[in-house]
Every structure is written in structure tokens, then in C-alpha cells.
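Note that the protein sequences, when read in sequence, are chains E and V. Going by this note's numbering, the first residue of the first sequence is number 1, and it counts up by one from there. Going by this note's numbering, the first residue of the second sequence is number 1, and it counts up by one from there.
In case anyone wonders, no lab produced these hints; they're calculated from the structure. Ideal placement from N, C-alpha and C gives every residue a C-beta, glycine not left out. No incorrect hints appear here.
Among the chain V residues that face chain E by a calculated CB cut under 10 Å, a handful are:
| id | residue |
| --- | --- |
| 1 | 162 |
| 2 | 189 |
| 3 | 273 |
There are 2 protein chains.
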Amino acid sequence: MAAHDVFDLGDFRLTSGAVLPAAQLAYTAAGTLDAQRANVIVVPSAYGGTHSDSDWLIGPGKAFDTDRWFVVATNLFGNGLSTSPSTSALEHFPLVTIGDNVIAQHRLLTERFGIARIALVSGFSMGAQQTFEWGCRFPELVERIVPLCGSARTSPHNRVFIDGAVAALDAAGPAVVGRVWAAWGLSQAFYRNELWRGLAGATTLEAFVDERYGPTAFNGDPRDLRAMFATWRAADISAREPFAGDFPAALRAITARAIVMPARSDTYFPPEDSAIEVAHMPHAELRVIPSDWGHAAGAGSNPADDAFVEAALREILAAPAFTAQATPS
Amino acid sequence: MAAHDVFDLGDFRLTSGAVLPAAQLAYTAAGTLDAQRANVIVVPSAYGGTHSDSDWLIGPGKAFDTDRWFVVATNLFGNGLSTSPSTSALEHFPLVTIGDNVIAQHRLLTERFGIARIALVSGFSMGAQQTFEWGCRFPELVERIVPLCGSARTSPHNRVFIDGAVAALDAAGPAVVGRVWAAWGLSQAFYRNELWRGLAGATTLEAFVDERYGPTAFNGDPRDLRAMFATWRAADISAREPFAGDFPAALRAITARAIVMPARSDTYFPPEDSAIEVAHMPHAELRVIPSDWGHAAGAGSNPADDAFVEAALREILAAPAFTAQATPS
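Okay, chain E solo, but in the shape it has when bound (with noise of 0.2 Å):
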């Protein structure tokens, strides 16, 4: 993993109004802060992950151009890296919300950086549920965003998959998550075709699921996947002020220009979910990833479905922006 920087946020005051001590959100930056301060694209990460899995996006060349972007990657709280339950001395660690990793993040961005505007916030599952925040919270800010496999609002589903995933890691812990989520993370398609064949050397189904989703695969501390789920679960661009649960609202406040990119096959976040989201945002196309990789065809999981996601990512870039103020750039 590439070695990342860390902002001190103080005692860091969330939503909720608990606080948590001495906060510290990790990242890592990459290329050069123009004159406008005004070339930034923002990538939060996802469930379990961290800055680094974005390292296909990130770098000379690349969809994101480290040549000409100024790119923060950032860590959700809960990650191990970011503040967390593991690296943290409370007892009872507050539920952070989407909302908390945003604001902390806006805060990196504007005091550290003095960053004007965002160019582009895009991240995946986890990540994504960030990025439609940012739009939401920030629109004088953000310009365009892409969310990669996620939602704005974790769905009623979501829900009660998760909850599944946390009787498992509370009745038998971190090796068993793994197994029950096999199933979930990759789609029916992509294992009728065997589109494991080849992959990390697996010659039967059994060793690919071994290789993918045994013991290690949820390997973190129990107490931080705990608090990522507890996150995961809560997320909803419209669970405050002025919106209070109004989720059409909500999502018509997300100015940006939008690619919102479900993956056909993804089981936690339904591309009809994303018809939903996409109906109520001013200035959004749903384009979905026509992938048999389910969830993980966000995740720069193959070059078919990484070039379709490239392709949106560097379009986008070189379109007009949309800020609040309804004026393109």
C-alpha cells in the first residue's frame, strides 16, 4: 500500500453530536494543486478498503491524470486507517455516518488545500455513497460527480443483507463473513460462466472462493468492520436538515453533472435503484456497466468493464460542469 498522509481534525464533532478525540482522516495526494485551485477530483473509499484500491484510476496517464488532476484519495473512518475502532480509545465507538467521512473531507480539502471547487468526486460502493453526499452537501463545490456501484441511500435490502453479515461476525467472527458473502459480491452470471477460470490461478470454483472470500477476506479488526457496516447501513443523502427523509429532495439538490454507473449484475445495489436516483437528479445519465461481475465490475475488477468505467470517467472530465449556481464552466 502506498504510504498516505494523515489530517488531524481535532475532536471531531459528527452529525450526531458525539464526538470523536483527536480524529484523524488518512489520504494520500496526488499531482499538483493548480493556480485556480480548481483541478481537484476527490476519491473516498469503499467497504474494507482503502485509498490504494483506487490505484487503477490514479496516475500518469490514467483516467485520473496525475499530469493534470489534483487527486485526494481518502479512507473511511473505520478502515483501520482513518479514525477507527482499532485505533481509537473509546469504549463504545459512535456510529459515523456518510455524512461525518464527507464533512471531514470537506474539511481536509478547504483548510489544508484551500481547494475552490472539485472537478470530479467519484468512488465505488462505499465510495459511491460518499461521492452522491458530496453532491448533495456541497453543490457550490462539486462539479461532477460519478458514484461507481453504490447508492445515495442504502436500500431496505442492503439493509437486511448486512444485518446477516453481522449476526455471522458476531456469532463467529471476521473468517466466516468472508463465506456468507461470496455469494453477494460476485453475481449468478459471472459464476454460470465461470468467469473465475484463470483467476489468481484457480482451477475449481471451491479454491476460487477459498482464495477470494476465505478466512482473510473480511480481516480487519471485528470492531472496525462492525463500525464500516454500521455506516453502510445508515447512509441516506437525505437523513438531515432541510430534507429531513425527503429522498426525492434530496437527490434534486445534487447539481453536478452526473454518470451514475450501476453494474447490470450487482446484487447489493440493483441498477433500479439507480433509475430511481438518476429520475430525481437535474443534471444525471444513468449509464450501467454491462458486466456479468456483479458488484465488483465497479471495482477495477477487469479490463472490459475497467475500460467502460475509464471511459465515462475521462468523458465526464471533459464535459461542461454543473455547479448550483446552474453555471456551466
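For chain E, the structure is supplied; the task is to place chain V on it using the hints.
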């Protein structure tokens, strides 16, 4: 549960060569066998269920009208009524396949009842797997089949999620299996559209899930639960001579008139798998249940789906038969 009868199989040799000592097949029979001994409907049971789960279909005036049909509802080995680890003195209960179940049912029907033909076999889920097996193994007897939300061969994706459930069962016991199962049993759309409202008096998502998938959802003997999972995992109509794994050839051997009924939103047995099966079956129609109830759509779960299934059952029972001799009756 209605009282059931028992058919003694004696020391029952499985297709593997192993023997189930003093094996018993539990079943119910309703209606009257006609003079031709040909007005027979067979209804195999599903994972964790019993014959009584088909009560919604069986009775005077119902789809399987016992004023006209002789209806035999059978119990899967391992379900606690037919021979199961919990009823057996065997220390190591052998794998009992779907084929073994159907062979035992065939003995019941021929030895006890002397049936000449079977007008229809129709079961749900693992009952559908037995339905396909009946059509493939005894094409000269079986005139019609309607598999509901099941497959002729367990898909690789099924195997992965069965393994997840078994891992949870082994590590944490039956109480947790329901929780990790909850997100599979009903669909994303079921939860999105809050179809649980009003069911079992539930007023919250959590209360509904607790009620349906709480600690007693998988309340059998863990050994029985494992045995049924093993049967499910191994299901494959082509896993025997003369097919030797040639799945299309085994499907072509199903000469019965068939309506194959997956549910649109079933996450275990998606319609894509059924379409592949139907493409190889000479007299089969694919008829997708247009439901948001996921796998449960075929289980007698709600009036709309029940009516859709019942209409298909009545229709096929009124239609000419096909058998291996290809002589429409």
C-alpha cells in the same frame, strides 16, 4: 401439520452405493386412484419443508383437485420426517441425492400404489429439482412437469451461497443461518417496495425480518440441515449414466409437457438459468412468475403469485400429455 404415512424402503441402496438402513419415505396421499391408476400428481417437498407446505394447492376444488386427482406429497430425505440424520442411528449420514429421493418416490408409487402413469409432477425449489429429476429419470411415466422456482442442476452460484450458509451453520449454529439467509429469500424489489408491510403484523423492516428469519427460521437438527444442503448442492439430473454430465442431453430426455416457472426476482434460481434449461427441453415453455417476491413467489406466499401459478397448473393438467413414446393422450 397433517398426519402422514410412511413407506418402508428397507435397506435402501443409494446411487452412490451407500445404504440407508431401514429407510422410510414419509408422504401423504389424498384423493382416489382411478381404475387406470393414471390420475396421479406427485408433489415433492422443498428444503426445510414438509408435505404440508403444498396444502395451498391440494384439496377439493384446488389446483390439485382431490375430487379428480390422486395427489401424493412426499418428504425430502433429511427433513426430519423421511429418513434423516436426526432419525437415523448412522454416525455418518451419506449424501442422498435428488435422484435417490426420486427413486424412493418411484418405489412408493409403483410398489404401494401400482401407478401406471403420472399426470403431473410439480414441486417448489428443491421440490422443483425433484420435478426435473422425475421427468428425466422416468420419462415413460411422467406426462407433465411444472418445476416452480428451481433448477435441473444446482448452479455454481447456488453452491457458493449454500457453502456460505453451511459455514455459518458450522461456526454459529442454526440461529444465525436465518439471518444470513434473509436477503436471499425475498428480492431487492420486495424490500424496496416494502411488501412486508402488514405481513405477520410487521410494522418495521426489522420486526418482519425477526419474525421470518429469526433464530427459529432454520430450526431443525443441524445435521438434518446439513444433509439437505448437501442434497441441494449436488443436484444435477445429468450426473449419471447415460448422460455423464451432458446437461443438454439430460434436458432433452425430459419428454414431458413442461411449464418451467422461475420467478422474475428470484436470486437463487434466476430466470436466465431456467431459459437455458427450457431451450433444451422438447416440450417445455418458460413462464416467468412476474413477481417481486423473489424465491418465495413459488411457495404459496401471496394471492397474486398463487393465482398465476395455479392458472398454469390447471392449464397444463387440461392439456394433452407427452411422454417418452411421444404419443399425445
